[in-house]
Amino acid sequence: MEFFKAENVNKNFSGFQALTDVTISIDQGQVFGLLGPNGAGKTTLIRIINQITAPDSGLVYLEGRPLKADDIYNIGYLPEERGLYKKMKVGEQALYLAQLKGLDRRTALKRLKYWFEKFEIQSWWDKKLQDLSKGMQQKVQFVCTILHEPKLLIFDEPFTGFDPINTNLLKQEILNLREKGATIIFSTHNMSSVEEICDHIALLDKSKKILDGNIHDVKAKFKTNTFDLVYRGDFGKISSSLDRRFEVVTHVEKPHFNELTIRNGNGINNNDLLQILVSQAEIVSFSERIPSMNEVFIQVVEENKQ
Amino acid sequence: MNKTYIIFKREYLTRVTKKSFLIMTLLMPILMGALMFLPGYLMTRENDKAETIAVLDRSTLFLGQLEDSKSTKFQFIPEADYNKIKDNLKNTEYYALLEIPQNILTLNKVMVFSTKQINLDVKNHIDWQLEKKMEDQKRADLISRIGIPDLEQQIQSTKAKISVETIKVGDDGVGKKGSTEIAMGVGYAAGFIIYFFVFFYGSMVMRGVLEEKQNRIVEVIISSVKPVQLMMGKILGLAAVGLTQFLIWIILVSGIFMGAKSMFGSGDAMQQMAKAQSENVMMGNNQAAAQMMQTMEPNQFDKIVEQIEGINFPLIIICFIVFFILGYLLYSSMMAAVASAVDSEEDMQQFMLPITIPLVVAIILLMSVVKNPEGSLALWGSMIPFTSPIIMMVRIPFGVPWYEIIISMVVLALSTYGMIWIAAKIYRTGILMYGKKPTWGELGKWIKYKN
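Quick mapping for you: the protein sequence lines, in order, are chains A and B.
Residue numbering for the first sequence follows my numbering, starting at 2 and increasing by one per position.
Residue numbering for the second sequence follows my numbering, starting at 2 and increasing by one per position.
Here chain A stands alone, though its shape is the one from the complex (with noise of 0.2 Å):
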């Protein structure tokens, strides 16, 4: 069911356009990671969902209806440019920010106790917020972001300033918030944390969105037909069974076993290639390179700037 969807949205500030055309389109559940690089307007597009900026055009819709004034009340949002009051108790702080989201006194008090305690940062409540880490406020702003049980939840960049354990126990309550039916917008320059977590993609690059799917498919797409090959016997015997149709990337011998990576040109099946493979040598692995979302990121920007 879709959940989420931005059309046709244009934003231009008095001369520098920071979104073309743009169009996406979460369904409800989804981990969904909007991706590019630095300056490719992925802020902007989240400042109107926000609702802190508005469109030139196009529409933004929640839910199926035109996105409204009190929606800011079902999104959750944790800015890259993120701060608390330093001067100000964390407790009373994180009381301010659900009492600004719409949630009452007590309700507020009782979520947090919840938090608190499952972040085990109840001796927190009375200390300043300058007198904790980095690391610790952002465990508190992160609190602050998911208390008034938001359906749509956008993170940008949450990890950092997280040590890998902290990191990971965030990971655990972002995928167990999706659990429980939020939707959640992820904007992160750290490409494997993506490939962990996110369902679905879109890459905007120079305003204009040049990418988008399931994370699968779009690994998929940019694979190049390269298998990695490692077996016992002779090299001669399969270079002329592949014959022409494939490549041979690189050939290297080694004393108990040989490793060889071949392109495959003209999109043979992998279990027919593999039948000639078997009759040839004796395989000890056998697997197909599938991209990383990293290689992904790369080469298409980079085609995207020529």
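Calculated directly from the structure, the hints in this document are not laboratory data.
If you're wondering where the values come from, they're calculated on a predicted model, not measured in any experiment.
Possibly wrong hints are sitting among the right ones.
[As the list claims (entries may be wrong)] When the alpha-carbon atoms are kept at most 30 Å apart in a straight line, the in silico BS3-like pairs for lysine-lysine are as follows:
id	chain 1	residue 1	chain 2	residue 2
1	B	K160	B	K4
2	B	K10	A	K90
3	B	K437	A	K135
4	A	K88	B	K4
Based on the hints, put chain B in the right spot on chain A.
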């Protein structure tokens, strides 16, 4: 709950519950009071440090006639001791040596020897005593020469002393005793307090906005509330802090006034105070003023009380609150807009100057308006919105036609409304801009942005 109210509440409570607010609020009136009364009080206490002056009177006109004061004692010495003391002044108990020549009446000159520069207090006292005795002497000589026995009394009777009692006639024809000096004082104080409040709380708004921007909390907040709500919540919250402070002062000052009235009602203590003050003035070589103050009647204090009560304080307080709120909104919205556009305090300075110039001009005008509250300078100053909060407050204690007050308020309110509208536009864009310092032109462009 309204978002602006939540922001308002935070801004108000975090500041009012601070210890520094309480201390500052209570200390200010005490400090002011101390500044006014401490010198007089100290003068009444400072009587143990009298200096002894050795006097050699060759004219013999003054022998035994010079009166001691709290700071100065005279001791006459014979001619024989003169050189001994003069050569050895340091080792004697004398502070200084006064030598009066034989022909003092024609020479008009005396000499004082001392090891260090004698203080002004002692010098003035010597001066005053000698002049007084000489005048008495000359007058007595004159009277005996002319031969009119009651001339002394006749001359005395020519002295005139007028006290101008000013009575302000209200619209209902009922006269009220007023005092130009007190109206000036109240007007000056009211104008200055407005200036101080607008400046102080305006720059608090500025720092608050800048803090939110530097903290980067602003994007978190404006994803929950509209930028204009954040701006107005802050501005109004700080206005409430200012008003709270003002009300506490009003209560404190009227409490002190009531207390003083019941304590000094008899006039005794006040007389003492006046005496101390007059000696204070004397020290500044202003004898006319000193003598005037010494002649203060016992019921002078009651008169001051009556004159203070003759001032229309309810009107002043209401006008003060209205002009403070409007003037503060006008300036603080400008400051909020400017603070939203920059990243650091240093960048702020360039924009602050043009904003604060009208305020400073108003303070300069204040000096002349307080002397002539009916002039055209005063009239225009109290109509132009950037100076009117201060200048109108200066004029009000003197009595201003009600329609002028209304016009001034309406003009100010409309300008303030327009300024808030412009400021909100700049703020909305500026608050999310980081990096380069904008120009005035760019600020102008932001006003025209749709969203």
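Below or equal to 30 Å on CA atoms is what counts here, so check K10/B against K90/A. Holds: K10/B and K90/A sit about 16 Å apart, inside 30 Å.
Straight-line Cα separation of K437/B and K135/A no greater than 30 Å? Given pair K437/B, K135/A holds - Cα atoms ~26 Å apart, limit 30 Å.
Are the Cα atoms of K88/A and K4/B separated by 30 Å or less? OK: K88/A and K4/B at ~22 Å, within 30 Å.
Need the status of pair K160/B, K4/B: alpha-carbon distance at most 30 Å? With a Cα-Cα distance of about 72 Å, the restraint between K160/B and K4/B is violated, given a limit of 30 Å.
Of the numbered hints given earlier, the model fails hint 1 alone.
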